[in-house]
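Trainee: Read off the chains here:
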Amino acid sequence: GAGVSQSPRYKVAKRGQDVALRCDPISGHVSLFWYQQALGQGPEFLTYFQNEAQLDKSGLPSDRFFAERPEGSVSTLKIQRTQQEDSAVYLCASSSRHRTSGGAGELFFGEGSRLTVL
Amino acid sequence: AQSVAQPEDQVNVAEGNPLTVKCTYSVSGNPYLFWYVQYPNRGLQFLLKYITGDNLVKGSYGFEAEFNKSQTSFHLKKPSALVSDSALYFCAVRDPSGNTPLVFGKGTRLSVIA
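Here the protein sequences come in this chain order: A and B.
Mapping to the numbering used here: the first sequence position 13 is 13, numbers consecutive.
Mapping to the numbering used here: the second sequence position 44 is 44, numbers consecutive.
Calculated directly from the structure, the hints in this document are not laboratory data.
Do not rely on the hints blindly, as some may be mistaken.
What the hints assert, rightly or not - Not everything, but these chain A residues come out facing chain B in the computed CB check (under 10 Å):
| hint | residue |
| --- | --- |
| 1 | A2 |
| 2 | P8 |
| 3 | D18 |
| 4 | V19 |
| 5 | A20 |
| 6 | G40 |
| 7 | S62 |
| 8 | F65 |
| 9 | L91 |
| 10 | G110 |
| 11 | V117 |
| 12 | L118 |
Don't be surprised by glycine CBs; every beta carbon is placed ideally from N, CA and C.
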């Protein structure tokens, strides 16, 4: 597609429910990032994929958070047993460059998935 | 670890006046610096970046930013603000190795008043 697509745009979950958020990056982009943006805050890094390999998951806040990108394109962020503190906008971004490549390609962001946990 | 500070939560400026949105950073070695803009209910959009070379970088929509190594700053500027520039602006930094993620500031809300 023309840009990064995320779904659902809005998700309301009851505490304890599992949720899955989908990201469809720009075709051909090798790098994919997930960020969490709490209200009034900047995006905070969650995890990074280079193609299908999850090379950095240092930002995942707990083992309830799990991400995958099995075929190196679409990615899913799964949150198990959601808690109220998980309420945030989850942003996906992709880039044509490897994170460690020379230079610094900019990230292309989706519109985000707003998760509200009641 | 790298970090970014945006000292102003909100900046108000009259249309037609120059604007500045401040950013300071902390990183080991030479930084890669970025500015992104976020309009309501939209994803972040890349504005400009500093990698190396000329300290004054020009970006989209007439914005520019000046890298100042001695002051560890990368302030965003525009000579003449437009009402349509009203949005949330994020400064971000990463180290050149690429082994650490892009780190964002908390954002500055710019309001341009007609």
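Trainee: Each hint: holds or not?
Mentor: Here is how each hint holds up against the structure:
{"no.": "1", "hint": "A2", "result": "13 Å, violated"}
{"no.": "2", "hint": "P8", "result": "14 Å, violated"}
{"no.": "3", "hint": "D18", "result": "25 Å, violated"}
{"no.": "4", "hint": "V19", "result": "19 Å, violated"}
{"no.": "5", "hint": "A20", "result": "19 Å, violated"}
{"no.": "6", "hint": "G40", "result": "7 Å, holds"}
{"no.": "7", "hint": "S62", "result": "18 Å, violated"}
{"no.": "8", "hint": "F65", "result": "15 Å, violated"}
{"no.": "9", "hint": "L91", "result": "7 Å, holds"}
{"no.": "10", "hint": "G110", "result": "5 Å, holds"}
{"no.": "11", "hint": "V117", "result": "20 Å, violated"}
{"no.": "12", "hint": "L118", "result": "21 Å, violated"}
Checked against the numbered hints listed earlier, the structure breaks hints 1, 2, 3, 4, 5, 7, 8, 11 and 12; every other hint is satisfied.
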